[in-house]
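Modelling step: build the complete structure from the supplied sequences, incorporating the hints.
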Amino acid sequence: MHIPVFERGIIPPDPVAPDSLKGIPRQKTNPSRWQGDNWQDFVRDLQSRGVTVCEGRADCSVFMTDAGGVAYSLPHGVVRPNSAEDISKVLRAAQAHRVPVTTRGGGLTTEGESVAFGGLLLDMSSMNRVLEINSDAMTVRTQAGIFWHQLAEILRRDNLDYLSAPLNLTASVGGTLGVGGIDVNSPRLGCSADQAVVLQVVTPTGDIVNCSERENPDLMERVLFGYGQFGVITEATLKIRKFTPITIQYFYYSSLRTAIEDLQFIAREDASDYSGILTILDRAITLLVAFDSDEREREFNTRWKRSLRGHGEAGFGLRMAGHYTMHPWRIKEAAYIIGRRFKLFPEFWRPEFMHHGKIIDRTVVFSRAVWKFWGGPQMVIPDLSSKAEKFVEAVERGNAVCRKYFRHYTLYCVGIKLRGRLPRYEMSCIPPDASDIAYGCEFEPMLRGTNYSRDYLQSFKNEIYDIGVDMGLSYYRFGGMMKGYIRRAMGDELVDKHLAMKKAADPAMVLNAEVIF
Amino acid sequence: MSHTRKGRARALQGGATIEDIAASVDACLLCGSCEPVCPEGIGIASMNMEQRSKLNKLRTNYPPWYPKPSGINTRIKDNALHNSIILIAGEYPGFDIKAHSNVIKLLGGNKKVSLAADDGRDIAGLLEAGLPVSQDRIDNFIRPLRHADKLVVPEGLLHVPLRKWLSGKKVIGIGEALLSSAHIRKALGPEDLYIIECRGYHSDYERLVKFYDRLRKETGCQTNLDLQRIAIPTGASSLQAKKDVEAAGCLEQARWIIRGRSMKRIVVEDIADLDVFQRVADVPVIHISQFSGDNS
Ligand SMILES: Cc1cc2nc3c(=O)[nH]c(=O)nc-3n(C[C@H](O)[C@H](O)[C@H](O)COP(=O)(O)OP(=O)(O)OC[C@H]3O[C@@H](n4cnc5c(N)ncnc54)[C@H](O)[C@@H]3O)c2cc1C
Numbered sequence: 001m002h003i004p005v006f007e008r009g010i011i012p013p014d015p016v017a018p019d020s021l022k023g024i025p026r027q028k029t030n031p032s033r034w035q036g037d038n039w040q041d042f043v044r045d046l047q048s049r050g051v052t053v054c055e056g057r058a059d060c061s062v063f064m065t066d067a068g069g070v071a072y073s074l075p076h077g078v079v080r081p082n083s084a085e086d087i088s089k090v091l092r093a094a095q096a097h098r099v100p101v102t103t104r105g106g107g108l109t110t111e112g113e114s115v116a117f118g119g120l121l122l123d124m125s126s127m128n129r130v131l132e133i134n135s136d137a138m139t140v141r142t143q144a145g146i147f148w149h150q151l152a153e154i155l156r157r158d159n160l161d162y163l164s165a166p167l168n169l170t171a172s173v174g175g176t177l178g179v180g181g182i183d184v185n186s187p188r189l190g191c192s193a194d195q196a197v198v199l200q201v202v203t204p205t206g207d208i209v210n211c212s213e214r215e216n217p218d219l220m221e222r223v224l225f226g227y228g229q230f231g232v233i234t235e236a237t238l239k240i241r242k243f244t245p246i247t248i249q250y251f252y253y254s255s256l257r258t259a260i261e262d263l264q265f266i267a268r269e270d271a272s273d274y275s276g277i278l279t280i281l282d283r284a285i286t287l288l289v290a291f292d293s294d295e296r297e298r299e300f301n302t303r304w305k306r307s308l309r310g311h312g313e314a315g316f317g318l319r320m321a322g323h324y325t326m327h328p329w330r331i332k333e334a335a336y337i338i339g340r341r342f343k344l345f346p347e348f349w350r351p352e353f354m355h356h357g358k359i360i361d362r363t364v365v366f367s368r369a370v371w372k373f374w375g376g377p378q379m380v381i382p383d384l385s386s387k388a389e390k391f392v393e394a395v396e397r398g399n400a401v402c403r404k405y406f407r408h409y410t411l412y413c414v415g416i417k418l419r420g421r422l423p424r425y426e427m428s429c430i431p432p433d434a435s436d437i438a439y440g441c442e443f444e445p446m447l448r449g450t451n452y453s454r455d456y457l458q459s460f461k462n463e464i465y466d467i468g469v470d471m472g473l474s475y476y477r478f479g480g481m482m483k484g485y486i487r488r489a490m491g492d493e494l495v496d497k498h499l500a501m502k503k504a505a506d507p508a509m510v511l512n513a514e515v516i517f
Numbered sequence: 001m002s003h004t005r006k007g008r009a010r011a012l013q014g015g016a017t018i019e020d021i022a023a024s025v026d027a028c029l030l031c032g033s034c035e036p037v038c039p040e041g042i043g044i045a046s047m048n049m050e051q052r053s054k055l056n057k058l059r060t061n062y063p064p065w066y067p068k069p070s071g072i073n074t075r076i077k078d079n080a081l082h083n084s085i086i087l088i089a090g091e092y093p094g095f096d097i098k099a100h101s102n103v104i105k106l107l108g109g110n111k112k113v114s115l116a117a118d119d120g121r122d123i124a125g126l127l128e129a130g131l132p133v134s135q136d137r138i139d140n141f142i143r144p145l146r147h148a149d150k151l152v153v154p155e156g157l158l159h160v161p162l163r164k165w166l167s168g169k170k171v172i173g174i175g176e177a178l179l180s181s182a183h184i185r186k187a188l189g190p191e192d193l194y195i196i197e198c199r200g201y202h203s204d205y206e207r208l209v210k211f212y213d214r215l216r217k218e219t220g221c222q223t224n225l226d227l228q229r230i231a232i233p234t235g236a237s238s239l240q241a242k243k244d245v246e247a248a249g250c251l252e253q254a255r256w257i258i259r260g261r262s263m264k265r266i267v268v269e270d271i272a273d274l275d276v277f278q279r280v281a282d283v284p285v286i287h288i289s290q291f292s293g294d295n296s
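These protein sequence lines are chains A and B, in that order.
Quick note on our numbering: the first sequence kicks off at 1 and runs consecutively.
Quick note on our numbering: the second sequence kicks off at 1 and runs consecutively.
In short, the hints are calculated from the structure, not lab data.
Just to be clear, a hint being listed does not mean it is correct.
[Stated by the list, open to error] Partial pick of chain A residues on the chain B-facing surface, computed with a CB cut under 10 Å:
no.: 1; residue: GLY56
no.: 2; residue: ALA58
no.: 3; residue: PHE63
no.: 4; residue: ALA152
no.: 5; residue: ILE154
no.: 6; residue: GLU299
no.: 7; residue: THR302
no.: 8; residue: PHE353
no.: 9; residue: LYS358
no.: 10; residue: ILE360
no.: 11; residue: VAL364
no.: 12; residue: VAL370
no.: 13; residue: PHE373
no.: 14; residue: GLY376
[Unchecked claim] SDA-like mimics (lysine to any residue), calculated; alpha carbons at most 25 Å apart, straight line:
no.: 15; chain 1: A; residue 1: LYS242; chain 2: B; residue 2: ARG261
no.: 16; chain 1: A; residue 1: LYS358; chain 2: B; residue 2: PRO36
no.: 17; chain 1: B; residue 1: LYS112; chain 2: B; residue 2: ARG143
A quick note: this is a predicted structure, and the numbers were derived from the prediction, not measured.
Think of the CB as a built atom: it goes at the ideal place given N, C-alpha and C, for glycine as much as any other residue.
Dropping the structure here:
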């Protein structure tokens, strides 16, 4: 392989950097830090308009990475806005001085999408008030920096609940609407982004605009799933519902394919209110099915349960015992499954979260389990999303990649109900060819206890994403470190169309500049 | 500056000094609620106290709510107490000698329960501020307690240190102690809002979350537990609140706790919460020690 020689000071084109090992191509994944041109003028400008920019090391370092803990960089300063007007001033000044602005909610991205590589970081967590609960229209109007968990706390005082949100406690409403937001009830209720009725948005040029499907619908369609490219969401009116405790049933499988087929069957038939797959190993797969009401559960029991091919816990235990008796050299695997089962499952029926056999606060129960068993200082969660027909193959191929890289990992599969083919789904985690229900699978290695290098993790992610390119799929996390895949996966035509829209909306290309384009 | 533990950790990781994050370190009310929800199981509350003490070594200008680092040498004469239960409760408005004797009666009477003359209040203050406490003072405090099986300690901040200093002793809060009596539990009902003392609760969360869950199921009372079963603090016991209860955000927190609830009475475990809830609620507020045959 020929490695070109570059003069000092000249940055070569990817993929081979001069400092990489000979013959080993190295992909540049993080943008260079913005150099700070005009920063001081920008700060003075904002100060004169009454916006405080915190530039201290402590203020900036708080945001040095995201939940992934793989991408690191510092902003030059941080603004904690109090209002849409503050954000408008920030963006107007940013356009004038060409200073990049990165929006951050809970910072739960894993590819550095909410990390500022220099410039200004807009910390939306300061805008966290619920503005109005309308129990006639069953909507809530809230500032967009609020975490879903805070929102749930407030709604619960009125015995209400949100519809669907990510399974963690500290994702913000705005950040989630910007990426999609998938819950175990998404096969029925769709993404969080599809629960938004009205948004208040500050455009990249600083206009404060309301949008909905009737008012400024184009902006609405661009901002939802828009990765913060087309505006900062400052307020959202979301659909809500009556709070209900849930009941869960578990089905155990030793074949991924069978489990996925059953998951798809349940979603297609609308047989449950919640469904999802979690694996311990690819021989121990749990299909979780849950219900908001006894009637729904009864209907499931009489109409659909018998068609599922999964086992109850005892039956599955016996089968596993049989399997490992025949394969005694794999006894460590069995020990891992049993250990994990005894640690993980009690989390789902802790008595303080149960009442009369039902789970109250499902979001807390799931989110605690997610953080406790899959969280950590470093997380990589590559994913594939596909239409129903391609999903089994995508998961099986992804599973093979996981097995190659890690001893222990979890797959999490869930369906996503679509509202037809809305423009918002274009260039998003929703695959282009999906109709009715799309499916997503996250591939989550257990990283705790081992120090994997960044390159190792990146290679793993790349192999998963290569499957997406090969099969024409999409990804939930396609920005930040994975943006090298956008053109390959989504095609030049679509990307150029969105780039043109972005340039028109954001002439200086300052808002979330490095996230997608 | 972020006031979360993670924010502080990140700031230090990014090269900030402890003085750079002083405002955040000082702002912590040490309610302990961060600890049980930490997925990594980190002892965050004690880390915060350590950070405060580290910070104090570098400064002489303490926040105005700090106790005077006066080298207090309280020498309260307390002979060894030989009863199996010792109540370590000082006198406060609303929790005076009369209330103490009521508690003693409820816990089993004078034959079973002794009242410690030394309530360790100064020690709690110094620990909370991250100021040094002399070993002599600690010894003096714990010496009379050695023979007891169980210590009933309303001041939640002392639970963890007492468990360390007197390992093997059962240290419980006043709420748990009194609620062990069926008579008291019967006095609670769905129209009561029961306010759990946060520091003690979070210091023994795994056990107490079950205890209070049973209480809730048995009596139907409402509590200040949030959806994660963390006790929402008012912060009224904190040093900051002792200086200025409003500036410490206690009234705002209390308002949030009662928001949207329908209740006829508020029962508090922490005596400092009495005043806070009386200021924001329009229903009677009582301390758990006030439960007796007639008012319950
Ligand atoms: C442990 C773990 C579990 C997770 N589980 C789930 C899950 O179950 N389902 C799921 O869908 N996701 C899940 N995620 C991903 C994560 O929840 C989503 O990425 C998330 O909803 C992001 O919300 P956030 O507030 O953290 O956004 P951030 O990470 O702060 O930002 C996300 C993107 O949106 C932009 N943005 C932030 N705020 C705004 C705003 N107000 N206006 C416009 N743009 C904005 C940011 O610039 C960034 O590009 C998980 C992540 C982790 C680490």
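Going down the list of hints, with the structure as the test:
A distance limit of 10 Å between C-beta atoms decides the matter here; for A:GLY56 the minimum to chain B is near 6 Å, and the interface restraint holds. Interface restraint check: A:ALA58 against chain B, minimum CB-CB distance 4 Å, threshold 10 Å, status holds. A least Cβ separation of about 8 Å between A:PHE63 and chain B falls short of the 10 Å threshold, and the interface hint therefore holds. The beta carbon of A:ALA152 comes within 6 Å of a beta carbon in chain B, closer than 10 Å, and the hint placing it at the interface holds.
Annotation: interface hint on A:ILE154 holds; nearest CB of chain B at approximately 8 Å, less than 10 Å. Proximity of A:GLU299 to chain B is violated relative to the hint, the smallest CB-CB distance being about 29 Å (cut-off 10 Å). Hint status for A:THR302 relative to chain B: violated, with the closest Cβ pair at about 31 Å, above 10 Å. Satisfaction of the interface hint for A:PHE353 is found here, the shortest Cβ-Cβ separation to chain B being roughly 7 Å, below the 10 Å cut-off.
Interface hint at A:LYS358: violated, since its Cβ lies 13 Å from the closest Cβ of chain B, which is beyond the 10 Å cut-off. For A:ILE360, the interface hint holds, the least distance from its beta-carbon to any beta-carbon of chain B being 8 Å, beneath 10 Å. With a least beta-carbon distance of about 5 Å to chain B, the hint placing A:VAL364 at the interface is held under the 10 Å criterion. Taking 10 Å as the C-beta contact cut-off toward chain B, the hint placing A:VAL370 at the interface holds, the least distance being around 9 Å.
With its C-beta approaching chain B no nearer than about 9 Å, A:PHE373 sits inside the 10 Å limit, and its interface hint holds. Hint status for A:GLY376: holds, given a least beta-carbon distance of 8 Å to chain B, under 10 Å. As the CA atoms of A:LYS242 and B:ARG261 are separated by approximately 17 Å, the hinted pair is consistent with the 25 Å bound. Straight-line distance between C-alpha atoms of A:LYS358 and B:PRO36 comes to about 23 Å, which keeps the hinted pair within the 25 Å bound.
For the given pair, B:LYS112 sits about 19 Å from B:ARG143 by alpha-carbon distance, which is consistent with the 25 Å threshold.
Taken one by one, the earlier hints fail for this structure at numbers 6, 7, 9, listed in ascending order.
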